[in-house]
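Peer 1: Protein sequence lines, in the order shown, are assigned to chains A and B. When you read off a place in the first sequence, starting at 1, and then add 1159, the result is the number in this note's numbering. When you read off a place in the second sequence, starting at 1, and then add 1159, the result is the number in this note's numbering.
No lab work stands behind these hints: they were computed from the structure. Do not rely on the hints blindly, as some may be mistaken.
Calculated cross-link-like contacts (lysine to any residue; reagent style SDA-like; alpha-carbon spacing at most 25 angstroms) [claimed, not checked]:
no. : chain 1 : residue 1 : chain 2 : residue 2
1   : B       : Lys1499   : A       : Ala1249
2   : B       : Lys1519   : A       : Asp1517
3   : B       : Lys1289   : A       : Asp1517
4   : A       : Lys1528   : B       : Glu1564
5   : A       : Lys1519   : B       : Arg1280
6   : A       : Lys1289   : B       : Arg1280
Protein chains: 2
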Amino acid sequence: MKEESIEFIKSGGVTAPRGFLAAGVSCGIKPGKKSDLALVVSQQLADVAGVFTQNRIKAAPVLVSMKRVRKGKARAVVINSGNANACTGARGIEDAEQMAAVTSSFLGCSSEEVCVCSTGRIGVFLPMKKIVKGIEKAFKQLNVEGSKNAAEAIMTTDTVPKQAALKVKIEDKEIFIGGMAKGSGMICPNLATTLGIITTDAVLSPEYLDWVLRCCVQETFNRISVDGETSTNDTILLFSNGMAKNTMISSENPHKGIFKNALRLVLDRLSRAVLEDGEGVTKVVEILVQGAVSDKEAEQVARAVGNSLLVKCSWNGEDPNWGRILCAIGYSGADVDQNKVDVFYSGIQIVSAGVKTDIKENQIRKILKMPMFSILIDLHKGEGQYRFLSTDLSERYVRINSNKE
Amino acid sequence: MKEESIEFIKSGGVTAPRGFLAAGVSCGIKPGKKSDLALVVSQQLADVAGVFTQNRIKAAPVLVSMKRVRKGKARAVVINSGNANACTGARGIEDAEQMAAVTSSFLGCSSEEVCVCSTGRIGVFLPMKKIVKGIEKAFKQLNVEGSKNAAEAIMTTDTVPKQAALKVKIEDKEIFIGGMAKGSGMICPNLATTLGIITTDAVLSPEYLDWVLRCCVQETFNRISVDGETSTNDTILLFSNGMAKNTMISSENPHKGIFKNALRLVLDRLSRAVLEDGEGVTKVVEILVQGAVSDKEAEQVARAVGNSLLVKCSWNGEDPNWGRILCAIGYSGADVDQNKVDVFYSGIQIVSAGVKTDIKENQIRKILKMPMFSILIDLHKGEGQYRFLSTDLSERYVRINSNKE
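With the hints as constraints, model all of the structure from the sequences given.
Peer 2: What follows is the structure, encoded as structure tokens:
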């Protein structure tokens, strides 16, 4: 076995890999916002893979970026926050195409090599004059140290920028992977995520690029929920420009394992950061279901518990209300035997064979005071399992989303 | 056509039909609660039909009452609030059976003729000494004017008792139907409801009794949601004691139409009352979906919109955020064409073919200030339709359910 290692890069982001530049600027889409337009550019043409929202109602930039990803090549992505350019009809598509065209004119490439993302309020036309000026400004500020500015410019109700980067050593080559994400509300991605831009200088086969992105998103961003809402704009893009000059990683290459692990780590960090910064969130809860008849049934149970308003409220109140968890398990649609269910809070068993154990509720209450804890549910029916990350539901979430904050 | 009429009885409840007595007393299950034990009794043996929660985890009283309903005959139902007797294992079943046995000993009937309901916190054993004393107290207070006391005793977080009654005139006979219900949180019944007790003195064939209850519940209680949570205890029982001495209403009888309409009216009143009194509710919203490929797809869309946290928050904030409605339509799982969707708020069109109409948002804001309004969604794909009632989501809902109120 040859030498392999993974090392996180503190404060690193999309410009950690060789040949990527970024910028984040303000163009005034939403008054009072520090910045709202980001640009990420690869110095040479990159391969690109993408996963997109499964919502049947897709924003214009999603439709436009899907076309780019089908061709598989891109130089850049331009992103605005403060306006989702969703439910904006033919004009929305024109506006998204114009964002790509203006960006490509500065970069000197084809507009078909520029992806577009938007995030913000649905149903409002983009202020194109402001955006065109913003693209010019961002182009002028493109920089190898621009990743944090870019991560800030894509924020909406987020309170902190979300970046991650790491270095993978395979034989004598160093490969870098960097990424940024945004998201705080409307978080329950389905086969995609909120916005996530991932860069790497690795040489990857196009098939592997697509496969590894789907695989890692499935295990990270597709297993989180703040509010059970799958947005119209969810997009995650992975650019690889090959500048690490490593031996191509493909499904035949022995090092694909470590690349996948590394990419998964970046996506896991970003997806957890999205949850921790979720609207009004005070707790992040990992739900592990095992003993289901199938992985699919385990998923049904995990999602029912993780999306139950009453369960989420009880976490917010630090109330060990395991009855609400059993109630959600019961209506999940899974074939459950109520006399077999076990439930543990961070390793301490509160329910055995469907009824409460002798444990004192105060012991559980201590666990619930932590900002992060786990729930293990064992159905004792089969071998199916699933892991899901959720959050509590606070008064603040309602305040934010009823326009009172 | 013979004479038929329906007339509501003001302040009427389960004792409006001939031969029914009721009582509601305090036995101290939950300190500080005015009353917590109700008894409804038919002076002669009645036929009984019931629908129960589809949650796979069923409370002990649900399992016990299901046995009674399978036999089809009952004299009474005993109900406690403040404790759900759910997830209480074998002891829970014994306790529910004991509630029936004690009640039957006072009434001089078989314990198999007494149904049992419980509502309240999950996972706590019933305080049986208190309950046994309470049953005796309730038996002594049984009264033809006891319906309001009974309706009060079954309340949990409800703020008002929920009763309805009416008189149906068919030929020269008068038939009465009365009912009571409770429910405020954990409201999204599935083929059943929170607790509902319906009485009638009509002579009904047993087959018709069962059919008409299922049919009317399907069109009323099964189409409401406060929080998308299907409880472990949902139960609705219909007792008919035949004391009106009308010609038997069966599937062959020409008057079944008016009886069904009358029963549906009672259930509709009670289910709306449950929504209006929902935890923290400030708006009741009727969602009508039409133009779907099938009624099932229309239902998927209506439920996705009605259970969307973000949509519910926007109603709470009186914010005409139609984008969130489109987003929920998109992820409902229905086969939607985003370029065909129309949306109306109380008759005013805000979305036409997937994009905003010229209507001023302020006009919609006026509608959203009302305590009740409707949303019509037309998918323009087929003939499927569905009607669903939902509510807003307020900070108060979270406060109540995170144990802060």
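Peer 1: For each hint, tell me whether it holds in the structure or not.
Peer 2: Against the structure, the hints:
no. : hint                     : in the structure
1   : B:Lys1499 with A:Ala1249 : 13 angstroms, holds
2   : B:Lys1519 with A:Asp1517 : 60 angstroms, violated
3   : B:Lys1289 with A:Asp1517 : 23 angstroms, holds
4   : A:Lys1528 with B:Glu1564 : 19 angstroms, holds
5   : A:Lys1519 with B:Arg1280 : 17 angstroms, holds
6   : A:Lys1289 with B:Arg1280 : 55 angstroms, violated
Hint check: violations occur at hints 2 and 6; the rest are consistent with the structure.
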